[in-house]
Amino acid sequence: MGLAFWAAVTGNVVLVPVGFFAPILVYGIGSAIVFGPRIVRHMREASRNAPSPESVAAVAHGEGVELGTKVAAPWEDVAEVNPTVHDAGTTPGKVLAYRLAQVGMTPGCRFGCAVAVAIFWNAILSSFVIDAFNKWNRAGQIPWLDMLFLTPFVLVGLLMIGTAFFFGVRWFVSTLTGQVAVEVSAHPMLPGDVVRIHIAQTGTFRLVRVAVLLVCTEEATYIAGTSKSTAKKEVAKHPLVDPGANPDGDGLPLTTDSTIPTGLMHSFDAPNNKIKWVLRVTARVMGFSFSNDYGVTVNPR
Amino acid sequence: VIRVEEPDIRIELATEAFAPSGELAGVFVIAGGPPPDARSVEFSVMWRTSGKGTEDIGVAHYQAWKPGDGTLASMPNPNTFTVTLPNTPWSYDGTLVKIHWLARVRVRYGPEGDTREVVQDAEFALTPSGRV
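Protein chains in written order, with this note's numbering: chain G, 329 to 629; chain L, 1450 to 1581.
Just chain L, same shape as in the assembly:
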């Protein structure tokens, strides 16, 4: 069985902190392009909670490229993006509740019956300047 190497995904963001309602700018690249047997490439900008509670997530931006609809072939790589962020929720580091913002790329690939997946996250803070 020939094992395809795991795709190497890198995400770079313009800065580590963004203002509410600001523009998130960055780029993601899949080294060598998506695998030949890629099923989908998904890019999302989202928040997730961590801490004691069950995880909640919210998605501010979502985009998917799939071979079936022809979008994967035309996906730019590297892919620069700008996403308008919502006003809330702000990043938060509490005792029971923590809120994280991240840009996520998820690649699914592999033959039928042996689907593999690679997920790469880049965290950033959504916070107003001067917040204590």
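Just chain G, same shape as in the assembly:
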């Protein structure tokens, strides 16, 4: 501060920031040189004296997470036959033994979220766009720089409106079809087994061209900066019900027997990594496409 003040008083304006930051930099570098190795050594020693991740995981009944982070709560099914394979959860069915639970956000919730995000983004953006147009009106010339700067933001805004419209259509379709229930004769599913599938709906507008796929998705949760993100990727799709091959027609209600393909990877559920299976029901209603996912567990064979 003193050096910066001296530089300002003597008229050396260029030296003011140097006078201000140089002592801080020198102090920081000096501290790093003197204390850095000690701190690193201390941290290394602390980590080597800490229980190993394997011993921590063993104490936590077999499951642990990345080095240096806390151990996940012991899972309830540790003593079960298939550790890391968690039941997707079903309820008793009306026609078959198990009713599957729909996974993912409901269409109405997706639509609401998309509308809220689109309004928020475009409301803020609109003030800048209006300002640019006012400039144009006042000067009589197109403010090219402003327009160029705003164009990508406007495109994102339009994309958000388009997304909201898409989810709006999906929500509208879901109100036409009503609740679509999927029931199965056996759960968890075993590769190679024949499973009876029953699909019914409550709405008045009938689903047609009904197809069922067994879909596998990998999920990986990772830390990016200060927040957690989850990446998802569909890695396998196995058709179980082909609308063209159904002798009883391709609408609902639908009851059919399907063979679960052999050689499938079982469901896997760890704190940060998951392999999930769903039954995906796709169909058409009044020219619109329909798609719902229902969680299933695939057991190892």
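Derived from the structure by calculation, the hints contain no laboratory data. Glycine included, C-beta positions come from ideal geometry on N, C-alpha and C. All clues given are correct.
Computed from the model, here is a short list of chain L residues facing chain G with C-beta under 10 Å:
#1 P1469
#2 S1470
#3 I1506
#4 Y1511
#5 T1537
#6 T1544
#7 I1548
#8 R1553
#9 G1562
List time: in silico DMTMM-like cross-link candidates among lysine to aspartate or glutamate, alpha-carbon distance up to 20 Å:
#10 G:K560 to G:E547
#11 L:K1515 to L:D1563
#12 L:K1515 to L:E1491
#13 G:K561 to G:D597
#14 L:K1547 to L:D1570
#15 L:K1547 to L:E1504
#16 G:K560 to G:D597
#17 L:K1515 to L:D1457
#18 L:K1547 to G:D597
#19 G:K560 to L:D1542
#20 G:K556 to G:D597
#21 L:K1547 to G:E562
#22 G:K561 to L:D1542
#23 G:K565 to G:E547
#24 G:K463 to G:D474
#25 L:K1547 to L:E1465
#26 G:K556 to L:E1504
#27 L:K1515 to G:E373
#28 L:K1515 to L:D1486
#29 G:K561 to L:E1504
#30 G:K565 to L:D1542
#31 L:K1547 to L:E1572
#32 G:K560 to L:E1504
#33 G:K422 to G:D585
#34 G:K565 to G:D521
#35 L:K1547 to G:E547
#36 L:K1515 to L:E1455
#37 L:K1515 to L:E1561
#38 G:K565 to G:D585
#39 L:K1515 to L:E1566
Starting from the known structure of chain G, arrange chain L on it as the hints suggest.
Using the frame of chain G, we list chain L on its own:
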């Protein structure tokens, strides 16, 4: 300062692939025995994930030998082991998620304030025969 040589650990497994619920058989040896200032020798059979997500681990078998409780002195070297493997998770090589099985020996040694560590892994596959 006299530097103690890093312990040479070798792990040999009976085969590279084991069936779910099968018996993992193998042997590990610390050449010349554990260092005189060994703090612990740990043997574990475990799975770990790799890929895009934060690493998860699970331990199917864990055993530790320490000088403090007298177990290190009686630790056989070479140490043959048989461990009953769980049914899951199977080894998996996916796009975002990969699951690896391994036998791991971890040796910690050195004086107070200068703890050193050597970790040796031997990977194997836990997979049913005939899996695509």
